[in-house]
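Q: Each chain, written out:
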Amino acid sequence: MRITCPICGERDRREFYYQGAAVALDRPAPDAGPQAWDDYVHLRDNPAGRTRDLWFHEMGCGAWIVVERDTVIHEVYSTELAEKAAR
Amino acid sequence: MVKLVAKTPCEGLLPFSYGTVSLSEVTYDSLTSVAPFVGKNKAVADVFKAAGTPMPAVGRATGKDGQRAIWFGRGQILLAGLTEEGLEGLAAVTDQSDAWAVVRLEGENADAILARLVPLDLDKGVFKRGHTARTQVQHMMASITRTGVQTFEIIIMQSMARTLVHEFEIAMKAVAARR
Ligand SMILES: [Zn+2]
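Residue numbers (this note's numbering), protein chains in the order written: chain A, 1 to 87; chain B, 1 to 179.
Heads up, some of the hints might be wrong.
[Claimed, not checked] Listed next, the in silico BS3-like pairs over lysine-lysine satisfying Cα-Cα at most 27 Å (straight line):
#, chain 1, residue 1, chain 2, residue 2
1, B, K128, B, K173
2, B, K64, B, K7
3, B, K64, B, K128
4, B, K40, A, K84
5, A, K84, B, K42
6, B, K124, B, K64
Rather than coming from a laboratory, the hints here were simulated on the basis of the structure.
Just chain B, same shape as in the assembly (with noise of 0.2 Å):
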């Protein structure tokens, strides 16, 4: 039999540092996206309450570090590092673990970063801690976090990690450069 060795999406590619910004890889026990079926959004909501951590709303995040719940769209929440019981009936909830790449962002300056990768105004006065949006780094669709003053969560297709990490260090190189 086969032995296979389990690898994070970012293995051997992070973390790093440049200037006062650090880039590391978050991994998660478990990725599930909850989708409510049409009219069960309440049922879902209590599940969520019951089990401790509150229903995201739109563009919002609730949870902390290793155990999210993040809106992840129109309908849609991603458990992150969260075991999703008593939702049968209630949502379509499908097991995203394999699918996702999960880096952190963190440091001084980590605005001026994604300013450079994402279309969308991330500005502390605007995206404050625990506000969330899906947009896009560069050409990649993501999901990006504001989890604190200077530290945010960027969830990218796992295919796309490689690219990623590759656009992260472009950018933070000239942030740091220019300090």
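So here's chain A without its partners, still in its complex pose (with noise of 0.2 Å):
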């Protein structure tokens, strides 16, 4: 598997750390309540195509990255640095 840094180009997997969903950038207002909260700390679909995750390129430059896959036939469809996504 291969994932594009925005910042480096195209790398090998071993170079990045695996995080999670990417719900992690969506975080709700202080004040949107417990259930929202609980859903944002807590719940994380499992999706059996496509996904978006964080992944950090650990042995790179650092960067994290939001990455669009595929669990089932692993394709990349793309990559962004997560401080663009998250604005």
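Since each chain sits alone in its own frame, please combine them into the complex, following the hints.
A: Okay, structure coming up:
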């Protein structure tokens, strides 16, 4: 598996650390209520198909990257710096 | 008062050579990371320019032997053997002199040795003199810069210096044996 770091270019999967679903970028408002915060902290989908993950280019430039990929066929559709995706 | 003896990270381990390639230690007077604050990239570049070593773009290194500015990751430059005057208020500046070990791999077939250790295409057609990358050497995070046609400088965390030398020795012996 190869992942394209928006800064470094296409790199071997070994250089990256997998963090999990990219929901971490969608932090609820402080007053969103317990249900929204419970979902945000604890609940994750487990999709067979397209998913958005956060990956860390740990052995490379140190960027956090949003990777959209397919868990069934392992195709990577897009990558984007998390700092841009979060805006 | 105890008299302390300064030792370099690879002291007693290097240099050595196998076949056409040698591995030796590079000692810079200082290593300093420079991380420009948000919106201060241009101002930092102006300071670099005035000091005579252009600020390197992503994946590039500027300067010369003994005095380099090396792109060192997202939003970070490593000054090797260069002083960092005039950056107050423009960048986070951190002394890293005791954090890293630097080695030089030199000679015909140097890239064949790196091909065994690094998951990145370092062929001279795509990774030219002045190009640099953050990647890994076996399991160790590293900075690799091509400083000549068959010369590379590799920077690794100082605590892993002995392991780095060991990995290179194995790869260098294997490549030499197949010539
Ligand atoms: Zn990267």
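Q: If a hint holds in the structure, say so; if it does not, say that too.
A: Now the hints, each set against the structure:
no.	hint	verdict
1	K128(B) - K173(B)	holds, 25 Å
2	K64(B) - K7(B)	holds, 25 Å
3	K64(B) - K128(B)	holds, 15 Å
4	K40(B) - K84(A)	holds, 18 Å
5	K84(A) - K42(B)	holds, 20 Å
6	K124(B) - K64(B)	holds, 19 Å
In terms of the numbered hints stated before, the structure departs from none.
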